[in-house]
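Residue-level listing of the chains:
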Amino acid sequence: MDKITAKYEQKRAALLPVLHFVQVKEGLISSDAEQNIAEYLSIPVVHVHEVVSFYHLFRQTPEGKYHFSVCQTIACALRGSEEIIEHIQSRLGIKPGETTPDGKFSLSVVECLGACETAPVMQGNKEYIGCLNKKKIDEIIDQEK
Amino acid sequence: MEKVVSRHFGQDSTQSFVNYLKDNGYRAARKALTEMTPAGVIDEVKNSNLRGLGGAGFPTGLKWSFIPKDNPKPKYLVVNADEGEPGTFKDKYILEQDPHALIEGIIITCFAIQSHKAYVYVRGEYAKAFGSLQNAVNEAYKAGFLGAGIMGTGFNIDVVVHPGAGAYICGEETGLLESLEGKKGFPRLKPPFPAVVGLFGCPTVINNVETIACVPPIINKGSEWYVQLGCAKNGGNRLFCVSGHVQRPGIYELPLGTPLREIIYDHAGGILKGRQLKAVIPGGISAPVLTPDQIDVKMDFDSLKAIGSMAGSGGVVVMDETTDMVFAAMVAARFFAHESCGQCSPCREGSGWVYRNLKRIYEGTARPYDLINLAGIVNNIGGNTICAFGDAVTMCLSSYVSKFRHEFESKIKGRVCNTN
Chain H
1 MDKITAKYEQ KRAALLPVLH FVQVKEGLIS SDAEQNIAEY LSIPVVHVHE
51 VVSFYHLFRQ TPEGKYHFSV CQTIACALRG SEEIIEHIQS RLGIKPGETT
101 PDGKFSLSVV ECLGACETAP VMQGNKEYIG CLNKKKIDEI IDQEK
Chain W
1001 MEKVVSRHFG QDSTQSFVNY LKDNGYRAAR KALTEMTPAG VIDEVKNSNL
1051 RGLGGAGFPT GLKWSFIPKD NPKPKYLVVN ADEGEPGTFK DKYILEQDPH
1101 ALIEGIIITC FAIQSHKAYV YVRGEYAKAF GSLQNAVNEA YKAGFLGAGI
1151 MGTGFNIDVV VHPGAGAYIC GEETGLLESL EGKKGFPRLK PPFPAVVGLF
1201 GCPTVINNVE TIACVPPIIN KGSEWYVQLG CAKNGGNRLF CVSGHVQRPG
1251 IYELPLGTPL REIIYDHAGG ILKGRQLKAV IPGGISAPVL TPDQIDVKMD
1301 FDSLKAIGSM AGSGGVVVMD ETTDMVFAAM VAARFFAHES CGQCSPCREG
1351 SGWVYRNLKR IYEGTARPYD LINLAGIVNN IGGNTICAFG DAVTMCLSSY
1401 VSKFRHEFES KIKGRVCNTN
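As they're listed, the protein sequences go chains H and W. Residue 109 in the numbering used here is what sits at position 109 of the first sequence, and the numbering runs on without skipping anything. With positions in the second sequence counted from 1, the corresponding number in the numbering used here is that position plus 1000.
Rather than coming from a laboratory, the hints here were simulated on the basis of the structure. Any given hint could be a false lead.
Residues from chain W shown here face chain H by an in silico Cβ test under 8 Å; the list is partial [to be verified]: (1) G1084; (2) F1089; (3) R1123; (4) V1160; (5) H1162; (6) G1166; (7) Y1168; (8) C1241; (9) S1243; (10) H1245; (11) P1249; (12) G1250; (13) V1317; (14) A1332; (15) I1377.
Quick list of in silico lysine-lysine cross-link-like pairs, DSS-like style, CA-CA up to 25 Å [unchecked claim]: (16) H:K65 with W:K1413; (17) H:K136 with W:K1273; (18) H:K126 with H:K95; (19) W:K1305 with H:K7; (20) H:K11 with W:K1184; (21) H:K126 with W:K1184; (22) W:K1128 with H:K7; (23) W:K1022 with W:K1221; (24) W:K1022 with H:K95; (25) W:K1031 with W:K1046; (26) H:K126 with W:K1183; (27) W:K1073 with H:K7; (28) W:K1046 with W:K1190; (29) H:K3 with W:K1184; (30) W:K1073 with H:K11; (31) H:K126 with H:K65; (32) H:K25 with H:K11; (33) H:K3 with W:K1142; (34) W:K1413 with W:K1359; (35) W:K1413 with H:K25; (36) W:K1031 with W:K1221; (37) H:K7 with W:K1184; (38) H:K134 with W:K1273; (39) H:K65 with H:K25.
Quick reminder that beta carbons are idealized off the backbone N, C-alpha and C, glycines included.
For reference, chain H alone in the conformation it holds in the complex (with noise of 0.2 Å):
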């Protein structure tokens, strides 16, 4: 972590990078990890949880072994992601923001993700997987299981 925050004039400025390395780690941000990482970058540990539960990206709560991230803006929508999530919604029995009771799979329906010309698009556990069908996901849900 003395790597990260060396790059930057103020030892704050490393924030969102040392979040970013703590959730790779842990897969999660947890309470403690606010409050280490408040001593680490000599800041207020509220100061830590307020940026952590203001960028969508870091999680207080574990996901599940593969997580959807389907996008639903504008190019997407256009495209069908709505039948998209439906259909994971039922084939996994779980609603946007949840994990399947083994754990293995966790949804999140999303704003744009910048990959407009493949829509309707995800990302599964963070790789970019575009002109989604309804086969691409059960395959991706068998393989997975």
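Chain H is already provided as a structure; the job is to place chain W on it using the hints.
Chain W only, in chain H's frame:
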């Protein structure tokens, strides 16, 4: 047509450094640093009519000239790669396929404004783009294009690639600065402008990725060449991102001023399944929607402004005759409600009200006065907020209601008839 920014797209991106060097790479940076003065570089860019391609269209050279020369504080260049405007995906291509074009542009820009440190703020979802840029930065350090005393001159430049974390508002330049300082991305009140009080309280230039990537070719080939590529007061080409109901969605580099009709029908292959066009967003979701009778408009900043829309980020979203415009408006409102940062009450509360209102109209549960309410709320967001997000909500959503009013009315009337 001569391609500029996209000339290396489609090549093997693992070889981007080798390919870039073969194609006169870093020659413009060397020319700027060894043959030109900082003021000379700024003049060249001013004369090129290069404008901010992130969306605002502000003249780039003019922006650079606002950096005070007598200020003893360090100066910063911040590159905005927080590409989040729905319908836009061009900067991703530059970062992934030709990152050295951006790095060379950074070198020249830093020299022009006499800055020794640049930050590139890459949106959090773009992990691949982040990786390819970081890799290219490492290559540039190794080759002596970045670091201390670059290319045998006495000039130092450090570049930090910084990850965002999923917040549209951080694409707003002062929201981005706040975020880069490790805070929530709440936009700042202006003035003071970033050129005077920017990152860490120091003079700062903030430019979009594509804008900076255009700088090396301008230095290499001269501003006159660049001016003639585009149209009046809009120098050069730009990357148009076409999506929605078209045959060939994708990136098209075309001169500023190319007619929208040509982009949709010639380059993107026309409407899906031979259907008719119903509406088109010309510059990202914030831009007011256009109707088919308006598509002969030239796609440059001034022509689109003249017909009440905006060139914005170059994101062209096409909607065919089957599109329910109430649905399209609701999707736009849902985006705004989700991405409002929450700092100003008119936007924080208003965007949510508008979304819920449009959702009722779309789902057929609207009350007769909902359309009047909608106009009232929408018109009280724009102009009452710190940043331009509120204006975007107003401009965007009023365009749907005014241009397709009958669709909204018939949905509400249908509901009233049904309940009676």
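How the hints compare with the structure:
no.	hint	in the structure
1	G1084	holds, 6 Å
2	F1089	holds, 5 Å
3	R1123	holds, 7 Å
4	V1160	holds, 5 Å
5	H1162	holds, 7 Å
6	G1166	holds, 4 Å
7	Y1168	holds, 7 Å
8	C1241	holds, 7 Å
9	S1243	holds, 4 Å
10	H1245	holds, 6 Å
11	P1249	holds, 4 Å
12	G1250	holds, 5 Å
13	V1317	holds, 6 Å
14	A1332	holds, 6 Å
15	I1377	violated, 21 Å
16	H:K65 with W:K1413	violated, 47 Å
17	H:K136 with W:K1273	holds, 22 Å
18	H:K126 with H:K95	holds, 19 Å
19	W:K1305 with H:K7	violated, 41 Å
20	H:K11 with W:K1184	holds, 16 Å
21	H:K126 with W:K1184	holds, 23 Å
22	W:K1128 with H:K7	holds, 21 Å
23	W:K1022 with W:K1221	holds, 17 Å
24	W:K1022 with H:K95	violated, 52 Å
25	W:K1031 with W:K1046	holds, 17 Å
26	H:K126 with W:K1183	holds, 24 Å
27	W:K1073 with H:K7	holds, 18 Å
28	W:K1046 with W:K1190	holds, 24 Å
29	H:K3 with W:K1184	holds, 23 Å
30	W:K1073 with H:K11	holds, 18 Å
31	H:K126 with H:K65	holds, 12 Å
32	H:K25 with H:K11	holds, 21 Å
33	H:K3 with W:K1142	holds, 18 Å
34	W:K1413 with W:K1359	holds, 15 Å
35	W:K1413 with H:K25	violated, 55 Å
36	W:K1031 with W:K1221	holds, 11 Å
37	H:K7 with W:K1184	holds, 20 Å
38	H:K134 with W:K1273	holds, 20 Å
39	H:K65 with H:K25	holds, 14 Å
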